[in-house]
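A.B. asks: Listed below are the residues making up each chain.
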Amino acid sequence: MDINLSSEDLAFRDEVRSFFEENKIKSGEDYFSWRLGWFKKAREKGGWDVPKWPEKFGGPGWSPTQHYIWEQETARANIPFDLPFGLGMLAPILMNYGNEEQQERFLPDIRDRQVNWCQGYSEPGAGSDLANLKTKAVLSDDGTYYTVNGSKIWTTLAHVADWIFCLTRTDDSGIKQQGITFLLFPMKQEGIEVKPIITLGGSHTVNTVHFTDVKVPVENRIGEEGKGWTYAKGLLEHERTGLAGLSKSLVELEQLKDNARSIKRGNGNLMDESSYKSKIGELEIDLLATEFTELRSLASAAAGGEPGPESSILKLKGTEIKQRIQKLTVEASGIYSSAWGDKGVGPAFAKGGTAGYLNSRYFTIYGGASEVQKDIVAKKVLGLTKGSSK
Amino acid sequence: MNFELSEEQKMIQQSVERFVQENYDLSNRIKISSEDPGYSKEYWSSMAELGWLGLAFDEEDGGFGGNQIDTLVLMEQFGKGLVLEPFLANIVLGGGAIKRGGSAALKESIIPSLIDGSLQLTLAYAEEQSRFDLEDIATAAREDDGNFVLNGKKSMVLNAESADKIIVVARTNGSQVDKEGISLFLVNADSDGLEKENFPTVDGLRASEISLNDVKVSPENLIGEKDKGFEILQAVANDAILALAAEAVGAMEVLYKDTVEYTQQREQFDHPLSDFQVLQHRMVDMFMEYEQCKSLLFRATMETVQDPQLSQRTVHALKHLIGKSGIFVGENAVQLHGGMGVTEELRVGHFFKRLLVIDSQFGNADFHLDKFTSL
Chain A
360 MDINLSSEDL
370 AFRDEVRSFF
380 EENKIKSGED
390 YFSWRLGWFK
400 KAREKGGWDV
410 PKWPEKFGGP
420 GWSPTQHYIW
430 EQETARANIP
440 FDLPFGLGML
450 APILMNYGNE
460 EQQERFLPDI
470 RDRQVNWCQG
480 YSEPGAGSDL
490 ANLKTKAVLS
500 DDGTYYTVNG
510 SKIWTTLAHV
520 ADWIFCLTRT
530 DDSGIKQQGI
540 TFLLFPMKQE
550 GIEVKPIITL
560 GGSHTVNTVH
570 FTDVKVPVEN
580 RIGEEGKGWT
590 YAKGLLEHER
600 TGLAGLSKSL
610 VELEQLKDNA
620 RSIKRGNGNL
630 MDESSYKSKI
640 GELEIDLLAT
650 EFTELRSLAS
660 AAAGGEPGPE
670 SSILKLKGTE
680 IKQRIQKLTV
690 EASGIYSSAW
700 GDKGVGPAFA
710 KGGTAGYLNS
720 RYFTIYGGAS
730 EVQKDIVAKK
740 VLGLTKGSSK
Chain B
2 MNFELSEEQK
12 MIQQSVERFV
22 QENYDLSNRI
32 KISSEDPGYS
42 KEYWSSMAEL
52 GWLGLAFDEE
62 DGGFGGNQID
72 TLVLMEQFGK
82 GLVLEPFLAN
92 IVLGGGAIKR
102 GGSAALKESI
112 IPSLIDGSLQ
122 LTLAYAEEQS
132 RFDLEDIATA
142 AREDDGNFVL
152 NGKKSMVLNA
162 ESADKIIVVA
172 RTNGSQVDKE
182 GISLFLVNAD
192 SDGLEKENFP
202 TVDGLRASEI
212 SLNDVKVSPE
222 NLIGEKDKGF
232 EILQAVANDA
242 ILALAAEAVG
252 AMEVLYKDTV
262 EYTQQREQFD
272 HPLSDFQVLQ
282 HRMVDMFMEY
292 EQCKSLLFRA
302 TMETVQDPQL
312 SQRTVHALKH
322 LIGKSGIFVG
332 ENAVQLHGGM
342 GVTEELRVGH
352 FFKRLLVIDS
362 QFGNADFHLD
372 KFTSL
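Sequence lines, in order, name chains A and B. Residue numbering for the first sequence follows my numbering, beginning at 360 and increasing consecutively. Residue numbering for the second sequence follows my numbering, beginning at 2 and increasing consecutively.
You may find that some hints are simply not true.
From the derived model, a few chain B residues whose C-beta atoms are all more than 10 Å from chain A [stated by the list, open to error]:
| hint | residue |
| --- | --- |
| 1 | ALA127 |
| 2 | GLU129 |
| 3 | GLU232 |
| 4 | ASP276 |
| 5 | GLN293 |
| 6 | GLU346 |
| 7 | LYS354 |
| 8 | LEU357 |
| 9 | ASP371 |
Some but not every residue of chain A turned toward chain B, in silico, with C-beta under 8 Å [as the list claims (entries may be wrong)]:
| hint | residue |
| --- | --- |
| 10 | ASN437 |
| 11 | PHE440 |
| 12 | GLY486 |
| 13 | ASP488 |
| 14 | LYS554 |
| 15 | LYS623 |
| 16 | GLU690 |
| 17 | GLY693 |
| 18 | SER696 |
| 19 | TRP699 |
| 20 | ALA728 |
No lab work stands behind these hints: they were computed from the structure. C-beta atoms are modelled at their ideal positions from N, C-alpha and C, and glycine is treated no differently.
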């Protein structure tokens with residue numbers, strides 16, 4: 360065991376830092392053209408535009424330490440926004456289960472950030488119990504297209520998406536995990552209606568999506584009919600054990616401390632108050648531990664094995680940590696935490712702090728609620744099933 | 002010892018409960034909140050006609066001679082509907098200051114119009130730097146030719162948008178954090194030099210930042226003795242804590258009951274959610290927090306009625322527990338409602354927001370734990 364970075368890793372870190380420095384947005388530069396240019400240059404570095412993709416598909420083939428360095432540096436630098444749906448969610452499924460024609464058709468646009476994807480999984484009756492989904496896809500008599508009818512819910516950014524990857528039911532005769540089919544289709548077409556859902560923080564990012572007789576050609580089906588659950592499940596596991604955004608949380612924690620220090624109390628500031636300071640301290644200790652849980656998880660995955668049991672707690676801890684940062688921001692805002700809307704009242708960080716906290720309650724619900732995550736850990740890691748003590 | 006409400010109090014409780022059931026479904030609340038003035042003038046008049054606004058005032062001032070227990074009865078039911086009408090600002094804060102410190106002339110001119118609902122009043126106590134410290138007052142009132150001249154800024158003033166008069170807490174003596182040297186002034190909202198910046202709050206109510214530039218106040222509008230306003234302020238703040246705690250208890254009851262009902266209806270994994278033991282235990286925890294808050298609310302209120310001097314420590318304990326438990330119950334109600342809990346469409350989120358705001362008013366859980374342990 361050695362906590363020091365090797366000289367190669369240090370060199371890599373410097374290279375990443377100078378890349379970020381050299382390609383910062385210039386004042387007056389158009390954000391979107393800067394963004395596309397940034398990804399182009401990152402690609403020229405040898406797959407830096409798709410760090411998590413395998414080398415075979417153009418990824419950089421980094422070591423776990425390099426991924427860790429990248430995550431740390433991106434958390435600190437101002438790099439362009441990116442969405443996970445195409446790049447991190449659909450792409451691995453295409454790579455593993457899509458045919459060559461589909462890979463060639465969809466992956467380049469995903470990589471170029473030209474097409475916005477959304478994920479059609481959850482339904483009004485299928486939340487944590489995702490396999491309970493009912494959106495129906497019926498194959499035409501000539502076997503050339505499916506007709507899709509049903510509803511999806513919590514569809515993030517469906518209102519700006521060009522395409523959707525969607526779980527549909529093609530057979531309900533067996534157990535519910537069977538008979539699910541994975542389809543891709545464009546969002547801007549007749550028969551698709553998107554309705555906004557306003558969250559407690561007052562924002563519109565999620566939607567309900569209704570399908571009425573939407574026609575989808577069979578060549579847009581991933582893999583075999585009825586096997587969609589297997590394809591999606593692999594991805595869900597990936598989502599559940601994936602990076603927990605801890606580097607970002609560390610940066611946010613430092614920001615939080617600065618904010619708390621700006622709140623004057625007597626001769627000192629809020630960070631001198633023992634109750635507040637203790638909560639910050641407990642949070643930081645949890646972060647230090649969780650950061651290394653993540654590193655251990657990355658290392659065991661890289662050693663070729665399955666991700667170790669430690670990886671199962673990452674989503675649980677990571678989301679809880681993010682919520683606690685939001686909560687402490689609200690507490691630091693004091694009386695101003697109850698101000699709402701666009702007017703800035705009180706310290707600058709107070710604006711939007713409570714909205715952020717309210718929306719952060721979603722973190723322990725999406726992608727499998729924390730209660731379900733713990734069920735999975737109990738079952739898969741601890742071997743606890745009903746009747747296991749007998 | 003007796004926890005029974007009187008017959009009159011029971012009747013009022015039932016009548017408020019009915020009012021809330023009939024008038025405060027979520028869509029109506031959202032509608033009232035989004036239109037000016039942010040509450041229903043019609044409901045406010047009804048509250049006056051039903052006598053609710055006069056309950057806690059003395060009989061010689063035109064009230065019914067009630068006390069904090071009567072306010073508890075009202076506020077707990079208000080909490081079940083997230084009632085928007087400015088009872089706290091007018092009656093508990095504004096009226097509370099006047100009835101404690103107002104001269105006979107002030108009482109006579111103000112209290113009857115509070116009771117009949119014709120006057121809108123509020124209390125401006127907080128300031129940007131004060132956070133939760135009531136005694137941290139930088140707004141200055143200097144004497145000038147027999148009058149007082151006010152300069153400074155007040156923050157997060159509830160109901161100021163509608164208020165005809167505002168009670169301003171200002172410093173007449175001493176350094177910024179002295180309890181001595183604080184005075185209360187009744188100021189017309191349309192006074193020269195008084196400016197308001199109005200905004201909505203997280204829970205759908207309204208508040209304002211107020212700036213005072215050479216605002217003239219005549220000496221008859223001084224509430225209580227000059228320099229001795231802190232005692233009045235502390236007593237009013239304690240009453241506000243009791244009132245907010247009662248409202249919070251009402252809101253917590255709705256949250257735990259809605260959650261129990263929802264988990265019995267919502268099926269996942271071929272079972273109602275309520276079949277899962279982890280969720281059952283969570284709801285038992287929510288229920289326990291609610292009951293404990295209610296107990297401490299009764300204790301603090303009864304002690305205050307008995308002897309306000311001796312109840313201070315229990316009032317701190319109450320506000321700590323209400324803040325902590327209210328957020329616990331709110332967060333878990335949202336969690337157990339899943340994605341729907343995080344939307345504006347179900348009422349649980351709105352109740353959660355109110356509990357969040359209540360924690361930020363008159364000192365949060367940390368502040369009162371600190372006060373409690375140092376008394």
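A.B. asks: Against this structure, judge whether each hint is valid.
C.D. replies: Each hint, compared with the structure:
1. Listed as a non-interface residue, ALA127(B) fails to keep its Cβ farther than 10 Å from every Cβ of chain A; the least gap is roughly 5 Å.
2. Listed as a non-interface residue, GLU129(B) fails to keep its Cβ farther than 10 Å from every Cβ of chain A; the least gap is roughly 6 Å.
3. Interface exclusion of GLU232(B) from chain A stands, the closest Cβ pair being 22 Å apart, more than 10 Å.
4. With a closest Cβ-Cβ approach of about 12 Å to chain A, ASP276(B) is found to remain outside the 10 Å limit, as its non-interface label requires.
5. Once the 10 Å rule is applied to beta carbons, GLN293(B) is consistent with being away from chain A; the minimum gap is 20 Å.
6. Some Cβ of chain A comes within 10 Å of the Cβ of GLU346(B); the nearest lies about 7 Å off, and the non-interface call is violated.
7. Listed as outside the interface, LYS354(B) is inconsistent with that label: its C-beta sits roughly 7 Å from the nearest C-beta of chain A, within the 10 Å cut-off.
8. Consistency note on LEU357(B): stated as away from chain A, yet its beta-carbon is not over 10 Å from all of that chain's, at 7 Å minimum.
9. A cut-off of 10 Å between C-beta atoms contradicts the statement that ASP371(B) is not in contact with chain A; the least separation is 6 Å.
10. For ASN437(A), the shortest C-beta to C-beta distance to chain B is roughly 28 Å, which exceeds 8 Å, and the interface hint is violated.
11. For PHE440(A), the shortest C-beta to C-beta distance to chain B is roughly 22 Å, which exceeds 8 Å, and the interface hint is violated.
12. With 8 Å as the threshold, the beta carbon of GLY486(A) comes within range of chain B, its nearest partner Cβ sitting at about 5 Å, so the hint holds.
13. For ASP488(A), the shortest C-beta to C-beta distance to chain B is roughly 4 Å, which falls under 8 Å, so the interface hint holds.
14. Because the closest C-beta pair between LYS554(A) and chain B is about 11 Å apart, greater than 8 Å, the hint is violated.
15. Contact between LYS623(A) and chain B, as hinted, is supported at the beta carbon level, the nearest pair being about 6 Å apart and thus within 8 Å.
16. Interface hint at GLU690(A): satisfied, since its Cβ lies 6 Å from the closest Cβ of chain B, which is below the 8 Å cut-off.
17. Given the 8 Å rule on beta carbons, the hint for GLY693(A) holds: about 5 Å separates it from the nearest Cβ of chain B.
18. The closest approach between the C-beta of SER696(A) and any C-beta of chain B is roughly 5 Å, which is under the 8 Å cut-off, so the hint is satisfied.
19. A least Cβ separation of about 5 Å between TRP699(A) and chain B falls short of the 8 Å threshold, and the interface hint therefore holds.
20. A distance limit of 8 Å between C-beta atoms decides the matter here; for ALA728(A) the minimum to chain B is near 6 Å, and the interface restraint holds.
Hints 1, 2, 6, 7, 8, 9, 10, 11, 14 from the earlier list are contradicted by this structure; the remaining hints agree with it.
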